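Once you've looked at the hints, dock chain B against the given chain A.
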Amino acid sequence: MRIGLVVQRFGEEVIGGAELHARWIAQHLAERHRVEVLTTCAVDYLTWENAYEPGETRVAGLPVRRFPVARRRTPEGFDELSSKVHFFDHSDEEERRWMEEHGPVTPGLIRHLETRGDDYDVLIFFSYRYWTTFHGLRVHPGKSILVPTAEQDNAVRLRIFRDLFLLPAALAFNSPEERELLMEVSGAPGLPGEVVGVGIEDAPVVPPDEIRRRLDVLGDYVVYVGRIEREKGCARLFDEFARYVREQAPHLNLVLVGKAVLPVPVHVNFTHLGVLSETEKLSVIGASRLLVHPSPYESLSMALLEAWKMGRPALVNGRCTVLRGQVQRAGGGLYYGPYEEFAEALTWLLSHGNEADTLGRSGRAYFERHYSWPVIMEKYERLLACVSAS
Amino acid sequence: MPEPTGPEGPPVDVVRIMKEIRESIQKKREQGLYTDEEVESLAGMRLRAYGEEARIDGKLLERLLGPTHDWNISVDYLIRTTRPGLAGRALIFTKKLVRPFVRLYTDHLLNRQAQINLYFAHLLHNNVRETARLQVELQALRHRCDALERERGARPAR
Chain A
622 MRIGLVVQRF
632 GEEVIGGAEL
642 HARWIAQHLA
652 ERHRVEVLTT
662 CAVDYLTWEN
672 AYEPGETRVA
682 GLPVRRFPVA
692 RRRTPEGFDE
702 LSSKVHFFDH
712 SDEEERRWME
722 EHGPVTPGLI
732 RHLETRGDDY
742 DVLIFFSYRY
752 WTTFHGLRVH
762 PGKSILVPTA
772 EQDNAVRLRI
782 FRDLFLLPAA
792 LAFNSPEERE
802 LLMEVSGAPG
812 LPGEVVGVGI
822 EDAPVVPPDE
832 IRRRLDVLGD
842 YVVYVGRIER
852 EKGCARLFDE
862 FARYVREQAP
872 HLNLVLVGKA
882 VLPVPVHVNF
892 THLGVLSETE
902 KLSVIGASRL
912 LVHPSPYESL
922 SMALLEAWKM
932 GRPALVNGRC
942 TVLRGQVQRA
952 GGGLYYGPYE
962 EFAEALTWLL
972 SHGNEADTLG
982 RSGRAYFERH
992 YSWPVIMEKY
1002 ERLLACVSAS
Chain B
85 MPEPTGPEGP
95 PVDVVRIMKE
105 IRESIQKKRE
115 QGLYTDEEVE
125 SLAGMRLRAY
135 GEEARIDGKL
145 LERLLGPTHD
155 WNISVDYLIR
165 TTRPGLAGRA
175 LIFTKKLVRP
185 FVRLYTDHLL
195 NRQAQINLYF
205 AHLLHNNVRE
215 TARLQVELQA
225 LRHRCDALER
235 ERGARPAR
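First to last, the sequence lines map onto chains A and B. Be aware that the first sequence starts at 622, since it is given in the numbering used here, and climbs by one per residue. Be aware that the second sequence starts at 85, since it is given in the numbering used here, and climbs by one per residue.
Chain A with its partners taken away, still in its complex shape (with noise of 0.2 Å):
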């Protein structure tokens, strides 16, 4: 089958969860069927300049084609129309500027669809608040599947996405929770696809001793995973976890793996080891107590799953419906509201050790049930064949 997989950022620079998410669906794709990547020049999802040359090249043995970004985001233009859309009355007009705004504007990607969207039998859209998405999806629905990668967040609920779910073939959710919030932002009784989500990459991994020494981790340690920003629950994580380890447990600490948006604070039970390979951030987990996931936005965590497929319990944000139901479902760990609950539930992770390696283990089975590579191309494949036939 000849896929077009339609992606607002690819390469192996570029860091973000619905790209990586991207770009290892493509790479299993291409073990069966004939992928091209269809992308912009970015790699900044803050000012989409371009940074690669536009025109065909290959990225991890995989074939991807180029559309250079017509138009920078700058934060003059952006921040105070977003804030207005998010949080404030306005008018549809106003959401159609956010969408350029927003960005990335790349009309030769559109331009391309239109022209040669018959050298595609299947085409496959991630991320549906871009602008590549909210147009690109428009030129040949029938034959489109589209991954939303929706969070609970204001954007989903605008109206310019209201009738954007309904026009795909299928839809591959991240969760039952993401296909239930589309299904009530877009008022339709039911929408087509599957709860597909994503695997985790293999990597070697490192004994927990060797991984210590070499990044210089000691002692006990709870691991985030993650960009470091404010939106994915970081601030609180920083303020609660500093009052835990003063008032319960001083020789604590958390390990934070990701590039830092927001600063990490100077505090002795604080480590920040920055963006690892793969092979050093899956040891990295392997070796901790726990992970701990504050975001109160998601749609699916790969980090999750990361320390699910290492065999390690999770604390996550119960605000987040996504997570609390995937911790619910998979017996893999705690959530927690305030931060008494917060406390409660480290505390009790941390001294019933059996109880906590039991709900590590018991994440890493339900990893391997539903979001093993075998499991989720076997989705793909139906939703693929579905959308192919009609």
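Calculated from the structure, these hints are not laboratory results. Note that the structure is predicted; figures quoted are calculated from it, not measured. It cannot be assumed that every hint is accurate.
[Said to hold, decoys possible] Mimicking SDA-like on lysine to any residue, the simulated pairs with C-alpha atoms at most 25 Å apart in a straight line are:
1. B:103 / A:958
2. B:103 / A:986
3. B:112 / A:865
4. B:103 / A:978
5. B:103 / A:932
6. B:103 / A:917
7. B:112 / A:866
Below, chain B without anything else, positioned relative to chain A:
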């Protein structure tokens, strides 16, 4: 569309654990106090953390935190040698012969050191326990202060 949950369901009832945790929080809120067992478990957690930080052998740490004192210096040291055969046996015989004379001078010092070790261990364990208790009492007092302030705020001004 199949739901992503196994036919056998999760083996651990997370909802039940969370219910227990919430009940425990509620109880503490109501009483404003922690039980002795909870203070003990909190202190135990800290002692374990200190031991792990000092990189003490895990087995020795278990013995240090256990009820017996078999971790302490023992004057009944074993007589051993690595030499094999006749030379080894002769060495052990000689050591056994000499030991009572050596012990005349060393037993007193070792006993004294063992007593000091025991005293320090008790002192530190009790200190950690007491600190943990005081911290939870302080927390309870903070909660009560907050509650009183809320109550005062809710009361109409005279």
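Status of each hint after checking the structure:
For the hint pairing residue 103 of chain B with residue 958 of chain A, the CA-to-CA distance comes to about 13 Å; that is within 25 Å, so the pair holds. A threshold of 25 Å between alpha carbons decides the hint, and for residue 103 of chain B with residue 986 of chain A the separation of about 24 Å falls inside it, so the pair holds. A hinted pair counts as satisfied when its Cα atoms are at most 25 Å apart, and residue 112 of chain B with residue 865 of chain A qualifies at roughly 17 Å. For a cut-off of 25 Å, the pair hint linking residue 103 of chain B to residue 978 of chain A stands: about 20 Å separates their Cα positions.
Proximity of residue 103 of chain B to residue 932 of chain A is assessed by CA-CA distance (about 24 Å); at most 25 Å being required, the pair is judged to hold. The straight-line distance between the Cα atoms of residue 103 of chain B and residue 917 of chain A is roughly 21 Å, inside the 25 Å bound, and the hint therefore holds. Proximity of residue 112 of chain B to residue 866 of chain A is assessed by CA-CA distance (about 20 Å); at most 25 Å being required, the pair is judged to hold.
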